[in-house]
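Use the sequences and the hints to build the structure in full.
There are 2 protein chains.
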Amino acid sequence: MIMKLSQLFTKTLKDAPADEVAKNAELLIRAGYVHKEMAGVYAYLPLGIKVLENIKQIVREEMDAVGGQELIMTNLQRKELWEKTDRWDDKQVDVWFKTQLQNGTEMGLAWSHEEPITDMMRNHIKSYKDLPVFVYQFQTKLRAELRSKSGIMRGREFVMKDMYSYTDSEETHQKFYDETTEAYHRIFERIGIGDITYTTFASGGAFAEFSHEFQTICEAGEDIIYVDEKKKLAINEEVYNDKVIKDLKLDKTKMVKKKAAEVGNIFSFGGTKCEQLGLMFTDKEGKQQPVILGSYGIGITRLMGVIVELLSDGAGLVWPKSISPARLHIIRVGDDEEVVAEADTVYKKAKAAGHEVIYDDRDERMGRKLADADLMGIPTRVIISPQTVKKGRLEVKERTSDTVQLVSVSELLSEL
Amino acid sequence: MIMKLSQLFTKTLKDAPADEVAKNAELLIRAGYVHKEMAGVYAYLPLGIKVLENIKQIVREEMDAVGGQELIMTNLQRKELWEKTDRWDDKQVDVWFKTQLQNGTEMGLAWSHEEPITDMMRNHIKSYKDLPVFVYQFQTKLRAELRSKSGIMRGREFVMKDMYSYTDSEETHQKFYDETTEAYHRIFERIGIGDITYTTFASGGAFAEFSHEFQTICEAGEDIIYVDEKKKLAINEEVYNDKVIKDLKLDKTKMVKKKAAEVGNIFSFGGTKCEQLGLMFTDKEGKQQPVILGSYGIGITRLMGVIVELLSDGAGLVWPKSISPARLHIIRVGDDEEVVAEADTVYKKAKAAGHEVIYDDRDERMGRKLADADLMGIPTRVIISPQTVKKGRLEVKERTSDTVQLVSVSELLSEL
Numbered sequence: 074m075i076m077k078l079s080q081l082f083t084k085t086l087k088d089a090p091a092d093e094v095a096k097n098a099e100l101l102i103r104a105g106y107v108h109k110e111m112a113g114v115y116a117y118l119p120l121g122i123k124v125l126e127n128i129k130q131i132v133r134e135e136m137d138a139v140g141g142q143e144l145i146m147t148n149l150q151r152k153e154l155w156e157k158t159d160r161w162d163d164k165q166v167d168v169w170f171k172t173q174l175q176n177g178t179e180m181g182l183a184w185s186h187e188e189p190i191t192d193m194m195r196n197h198i199k200s201y202k203d204l205p206v207f208v209y210q211f212q213t214k215l216r217a218e219l220r221s222k223s224g225i226m227r228g229r230e231f232v233m234k235d236m237y238s239y240t241d242s243e244e245t246h247q248k249f250y251d252e253t254t255e256a257y258h259r260i261f262e263r264i265g266i267g268d269i270t271y272t273t274f275a276s277g278g279a280f281a282e283f284s285h286e287f288q289t290i291c292e293a294g295e296d297i298i299y300v301d302e303k304k305k306l307a308i309n310e311e312v313y314n315d316k317v318i319k320d321l322k323l324d325k326t327k328m329v330k331k332k333a334a335e336v337g338n339i340f341s342f343g344g345t346k347c348e349q350l351g352l353m354f355t356d357k358e359g360k361q362q363p364v365i366l367g368s369y370g371i372g373i374t375r376l377m378g379v380i381v382e383l384l385s386d387g388a389g390l391v392w393p394k395s396i397s398p399a400r401l402h403i404i405r406v407g408d409d410e411e412v413v414a415e416a417d418t419v420y421k422k423a424k425a426a427g428h429e430v431i432y433d434d435r436d437e438r439m440g441r442k443l444a445d446a447d448l449m450g451i452p453t454r455v456i457i458s459p460q461t462v463k464k465g466r467l468e469v470k471e472r473t474s475d476t477v478q479l480v481s482v483s484e485l486l487s488e489l
Numbered sequence: 074m075i076m077k078l079s080q081l082f083t084k085t086l087k088d089a090p091a092d093e094v095a096k097n098a099e100l101l102i103r104a105g106y107v108h109k110e111m112a113g114v115y116a117y118l119p120l121g122i123k124v125l126e127n128i129k130q131i132v133r134e135e136m137d138a139v140g141g142q143e144l145i146m147t148n149l150q151r152k153e154l155w156e157k158t159d160r161w162d163d164k165q166v167d168v169w170f171k172t173q174l175q176n177g178t179e180m181g182l183a184w185s186h187e188e189p190i191t192d193m194m195r196n197h198i199k200s201y202k203d204l205p206v207f208v209y210q211f212q213t214k215l216r217a218e219l220r221s222k223s224g225i226m227r228g229r230e231f232v233m234k235d236m237y238s239y240t241d242s243e244e245t246h247q248k249f250y251d252e253t254t255e256a257y258h259r260i261f262e263r264i265g266i267g268d269i270t271y272t273t274f275a276s277g278g279a280f281a282e283f284s285h286e287f288q289t290i291c292e293a294g295e296d297i298i299y300v301d302e303k304k305k306l307a308i309n310e311e312v313y314n315d316k317v318i319k320d321l322k323l324d325k326t327k328m329v330k331k332k333a334a335e336v337g338n339i340f341s342f343g344g345t346k347c348e349q350l351g352l353m354f355t356d357k358e359g360k361q362q363p364v365i366l367g368s369y370g371i372g373i374t375r376l377m378g379v380i381v382e383l384l385s386d387g388a389g390l391v392w393p394k395s396i397s398p399a400r401l402h403i404i405r406v407g408d409d410e411e412v413v414a415e416a417d418t419v420y421k422k423a424k425a426a427g428h429e430v431i432y433d434d435r436d437e438r439m440g441r442k443l444a445d446a447d448l449m450g451i452p453t454r455v456i457i458s459p460q461t462v463k464k465g466r467l468e469v470k471e472r473t474s475d476t477v478q479l480v481s482v483s484e485l486l487s488e489l
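These protein sequence lines are chains P and U, in that order.
Sequential numbering of the first sequence, starting at 74, is according to the working numbering.
Sequential numbering of the second sequence, starting at 74, is according to the working numbering.
The hints are simulated quantities; they were obtained by calculation from the structure and are not laboratory data.
Since copy identity is lost for identical chains, a pair holds within one copy or between any two.
Using 27 angstroms as the maximum straight-line C-alpha spacing, the simulated DSSO-like pairs for lysine-lysine come out as follows:
hint: 1; residue 1: 129; residue 2: 77
hint: 2; residue 1: 171; residue 2: 222
hint: 3; residue 1: 84; residue 2: 202
hint: 4; residue 1: 304; residue 2: 322
hint: 5; residue 1: 360; residue 2: 84
Every value quoted in this text rests on a predicted model; they were computed, and no experiment measured them.
Right, dumping it as structure tokens:
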């Protein structure tokens, strides 16, 4: 984002809404990143949408790298498709939002997309020659969660990246599953939570012994996991028992109990789901076989919430450089002609060097500007004041450090 | 898009679904750009999402140029907000999709966003110093249209760019309204329908004498307009009468009746809507005044449909360069070693020169490849065959022309 704060329409707010109990949403609302529409339903304002797009771009690059093709399915869902897999009934899936056409035709609102994507694939997959296929989307999902008290970490409306793999054998499936596991770790690495995010064995449901979750150690998380920190593996408490520990060749005495947030999951369906929906392929011998399905999710908005929970401090947000809405936050102190000229120049030079910059050119007192900079959490703060102009230097401070450095413009830009 | 057709998961289809009656959807489905989920509800596959993103980027650039700030509101809508403006009742708004939480709380699904954006602005607009504010979003809208037979030109689920202006006076409002009118014409120009898109006077509803529509002459359109081709102005038949013609200083004998599709509209609400929702500002004299609201829509998916209706021919789609999913469509004929090597080289060189390229490297007969290229509608087709390799030239043809040229690789790339 390249923006003068005098132009940005959002103002930092003293207070979040009284009913907001999650730290992530409270900070994001106060800093002007998100707006709470209602419990579990948040809008993303200019700073917020920029963080989301940055996260999406990292995820997109890694999904493309494993051969994923991007598409976008629909929110409105056909009842008959979900009946085929017995997932329409509210007793089977308790988070459906449902609606209807004027003629009374019932429809669902997308809480997941295995069914429609698999049905659509019947147009494009007929033979083993058409496989494998890997597709993904960034989709707004709607889920009628009973409770919604974790801010953007568990929304009734949220953005998810969901990928689906269609393969002709368990071997090809497993290969892609493993490659995606690695891609997921690269994503969490790039976003700055690689070292505290664990591949976690969780319930496989009806289709497999286990699914895999990616759990990030986080006090605000809603899951309990048991971690082997050396082996970088974990077990979700839902399947944590002596047999599973033994099967996974882990040592119970080394497992540490932690609170965690699920930032991703990957899941094998075998051939069952495609068989239910009629997605079959002709193999090399001319026989009809069900396609093997895998699904791979990352909660994009949740990931943003987890970062806030983990990195923010008493003064406000702290963004990793890879997803921050800007690289620099320039503060102009006062309106002396020389200060204005110097600050304008630094803003222009930083832009020209290809950096995204927030420039606080407002007529506000310095205390407010410093507090807003801390609250907004841009990685590097640059102050231009009568004192710095006199010294021919800029005052530069990292958001995560207390050390102030005096550097020249060219030193600043060459170090970024 | 940079893609080998052997990798692209979508296959061209012989037939669209039997219930598809719109030419735009029929062609887009057959070419693998969209998938019909149900009447009026379409998914966008890799080629289709690329066209949508290209259109969005053109619109984004022009909205940014007039000072718009991008955000994204929510699909789920609060009943009480829409009750404040008397737009909750199905008798007032007949396209609501409604749903509910597990505790029975009723909610709406976004068919428009004036109410929530205006309500959100109460956090950020207090004083004349906070104005003007211009914001926009690309949003998936849901509308329970009674009928839906125009393909992606009138969806029950569709993508819209909606912008909102908040100003402190009618003068500032009018200035922005005029600037946006110009920005809209630049958009239609860049997308290739500038010369047949008319600013059109239409009903202003409860808030103004007129609103303005942007109507593109199109047989598949659902509107009737009367056009003065010299003055580049039109009147929607809903307000076409002698008084209006006279008021607009037009000449009835020069007005030509045409079918047209509404690709954009702009609308003045005055201060009424903000007053109903409590969005007031303190003016320079310290008095409370309602903020002046304008709203500015462009149907992104509809625009894609209109382009298909207007430009496609008997053989398939025809994309303008500005929104085409790729610039080049390379066809390799046969699998002679030399042909494969040459085609691979051209593909690599075109990519290296920064072009988006579709490369038909499939083991298919030439007739099928040519038919698919015509159906997919990429602007420039390049054939590499044993004959062209012998001549040391490529066979190049524009999608809109029958003339075939023989050129070298460097000539081709320098002409793009």
